[in-house]
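Listed here are the chains, written in short residue letters.
Protein chains: 2
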Amino acid sequence: MPGVLCGVDIGGTKCSIALIDEDGKVLDKIYTCAHVSESEEGMVSMVAGHVKEILQRNQMRQSDLPAIGVGCAGHIRHNDGVIITTSNLEGFNNYPLRDALQSHFEVPVILDNDANAQAYGEYKFGAGQGYNDMIFVTISTGIGAGIVINGKLYRGMTGTAGEFGHTIVEPDSELVCSCGNRGCLMACACGMALPYLFEKKLKEGKKTKLKMPSNFNISKINGQTLKKGLDMDDPLSKEVISDSAYYVGIGLYNLFQTLNPPLIVLGGGLTNWGEFYLERIKETFYDLARDMLFDPIEITLSDIVGDAGVIGAAALTLE
Amino acid sequence: MPGVLCGVDIGGTKCSIALIDEDGKVLDKIYTCAHVSESEEGMVSMVAGHVKEILQRNQMRQSDLPAIGVGCAGHIRHNDGVIITTSNLEGFNNYPLRDALQSHFEVPVILDNDANAQAYGEYKFGAGQGYNDMIFVTISTGIGAGIVINGKLYRGMTGTAGEFGHTIVEPDSELVCSCGNRGCLMACACGMALPYLFEKKLKEGKKTKLKMPSNFNISKINGQTLKKGLDMDDPLSKEVISDSAYYVGIGLYNLFQTLNPPLIVLGGGLTNWGEFYLERIKETFYDLARDMLFDPIEITLSDIVGDAGVIGAAALTLE
Chain A
1 MPGVLCGVDI GGTKCSIALI DEDGKVLDKI YTCAHVSESE EGMVSMVAGH
51 VKEILQRNQM RQSDLPAIGV GCAGHIRHND GVIITTSNLE GFNNYPLRDA
101 LQSHFEVPVI LDNDANAQAY GEYKFGAGQG YNDMIFVTIS TGIGAGIVIN
151 GKLYRGMTGT AGEFGHTIVE PDSELVCSCG NRGCLMACAC GMALPYLFEK
201 KLKEGKKTKL KMPSNFNISK INGQTLKKGL DMDDPLSKEV ISDSAYYVGI
251 GLYNLFQTLN PPLIVLGGGL TNWGEFYLER IKETFYDLAR DMLFDPIEIT
301 LSDIVGDAGV IGAAALTLE
Chain B
1 MPGVLCGVDI GGTKCSIALI DEDGKVLDKI YTCAHVSESE EGMVSMVAGH
51 VKEILQRNQM RQSDLPAIGV GCAGHIRHND GVIITTSNLE GFNNYPLRDA
101 LQSHFEVPVI LDNDANAQAY GEYKFGAGQG YNDMIFVTIS TGIGAGIVIN
151 GKLYRGMTGT AGEFGHTIVE PDSELVCSCG NRGCLMACAC GMALPYLFEK
201 KLKEGKKTKL KMPSNFNISK INGQTLKKGL DMDDPLSKEV ISDSAYYVGI
251 GLYNLFQTLN PPLIVLGGGL TNWGEFYLER IKETFYDLAR DMLFDPIEIT
301 LSDIVGDAGV IGAAALTLE
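Chains as they are written, first to last, in this note's numbering: chain A, 1 to 319; chain B, 1 to 319.
Hint data in this document are derived by calculation from the structure and do not stem from the laboratory.
Treat the hints loosely; a few may be bogus.
One copy or any two copies: either way a pair holds, since identical chains are not told apart in the list.
[To be verified] Below are the SDA-like pairs computed for lysine to any residue, each with C-alpha atoms no more than 25 Å apart in a straight line:
| # | residue 1 | residue 2 |
| --- | --- | --- |
| 1 | K282 | I84 |
| 2 | K228 | F216 |
| 3 | K282 | H75 |
| 4 | K152 | N79 |
| 5 | K282 | G180 |
| 6 | K152 | P262 |
| 7 | K227 | E204 |
Please work from the sequences and hints to get the whole structure.
Rendered as structure tokens:
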């Protein structure tokens, strides 16, 4: 099968291994949640086994692949393929994941963080096709970005370029990020901010149409809860979504002023809020950019749904 | 004279034309302030005349130069060499400056904005030597940046990448930028913020050692005023300088998270505040970056003093 690529997406809940064709379509996929209870070595062996299994059942050899692409959440030093830190998997601090995987394969293993992988997937197979430069922003529990410049991922000195979820957008904010800083974009705008924003509006006396039984735990409010609210036209849910959009809009505006990209693609769980969310993000963006925008910028939702992680990981082998 | 370069720095007050050698040293320079009262065409003729004059008096021909590099403040569309807007010169909106200059010369004219030019000057002749990637940030009346990636200026789609003075760092700030937005980095941190910050501290009852005659106009407070204050150990001046440093520190931290560069070089008028300023900028930066900094980043003051603009303009011809 010419042009077939192999990607591995190692997440905090799910690990997917897939073969994709030259148009970025998934041909076959294995996924497991068992990797989270494995040791570092155990997980590496499990992943390697699944890659070999998916190749075998598709009558492919390793040598049919240019490389094996691996995307993983966390801070990854790209040069030596070491996971410096990850909050999604136990252990794996300063763990040489690439070398550990490489010892199982003859073809090169390419490791990058999940936002970079998804960015390259968008560039090769998604909304980024035809562009030289683009930025992919993922908005879910956290916020991250992958930056494509002149057809290549721009990684910076360590490989952590694109960690723009940690940029400060409100130094005096009441919201503290998991990184410890106050007023990061991700503290204000994404998964971790939602319960706070929801509760704040309740305390202001705003009403919600969402069912709130007496034992309702506000800290469990997440993107899906608010999606339900949005679908039932709940004003409070819509306000929280709009607040998130406001900060994301500021973040995208800051990216625009810094990097002046022609395209920003948004992915990640919270983009399931769809057009309502996108329109409000754009509203803030264009309110700020106004007459400083000399060429049209495209801001769009990813159309790679569901398998974005593993498609992105496979795309890394084309860089 | 082999390796000699020619640069033109068109500023809002001063216009410099210089020849520099292959080490970035100025060999000869003409400067004028008369350009500001000229029409667009008049200024172009004046600049072209001075370039020809400086070549002639150094027994050089145009063909001895690889190109003529021109740096100019404002939003410049790099592809077609058009000044889109500039607040430093009257007129010059949507003015094809590069083509106008080009019509006077046989060798190519390369036009870019002053921050990009200075960034490339630092990369070639200053603190950026030996790096592949770096960011130059100029802090004066406004704040701008030039981004060098893999030895080339990264300009973005229009050519306005690096306008990070307009990134929002405090959406609810009382300070409004010349761009119209609230809480831009440049509204909070640089020349335009100084009178506000100074007056605020006076109103809080803080004392200054600076002489304040009854007709003293606080709106005239600028970097030089505060430099005097700093030199006489004036606590109020030092507080204002520290406030500026705080916001610049946030801005550099945001650049770090977004681009993860190995080097940030600071230039522009306010860096005359020297080590006191730099140390406070770094304090904020490292307070925020902490354990998210996996490799050392160099943050330093430019050592190209005085002629940075024209040296940078000349360096553009080496890109």
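We went through each hint and held it up to the structure:
With identical chains, the CA atoms of K282 and I84 are at most 25 Å apart between copies only, with a shortest distance of 24 Å across copies and 34 Å within one. With identical chains, the CA atoms of K228 and F216 are at most 25 Å apart within one copy only, with a shortest distance of 15 Å there and 61 Å across copies. Only between protomers do K282 and H75 lie at most 25 Å apart by alpha-carbon distance; the minimum there is 23 Å, versus 29 Å within a single protomer. Taking identical chains as interchangeable, the C-alpha atoms of K152 and N79 lie at most 25 Å apart whether they share a chain (15 Å) or sit on different chains (21 Å).
In the homo-oligomer, the alpha carbons of K282 and G180 lie at most 25 Å apart only across protomers (18 Å), although the nearest pairing inside one protomer, at 29 Å, exceeds that limit. Taking identical chains as interchangeable, the C-alpha atoms of K152 and P262 lie at most 25 Å apart whether they share a chain (15 Å) or sit on different chains (19 Å). Taking CA atoms no more than 25 Å apart as the test, K227 paired with E204 passes inside one copy only; the shortest distance there is 21 Å, against 47 Å between copies.
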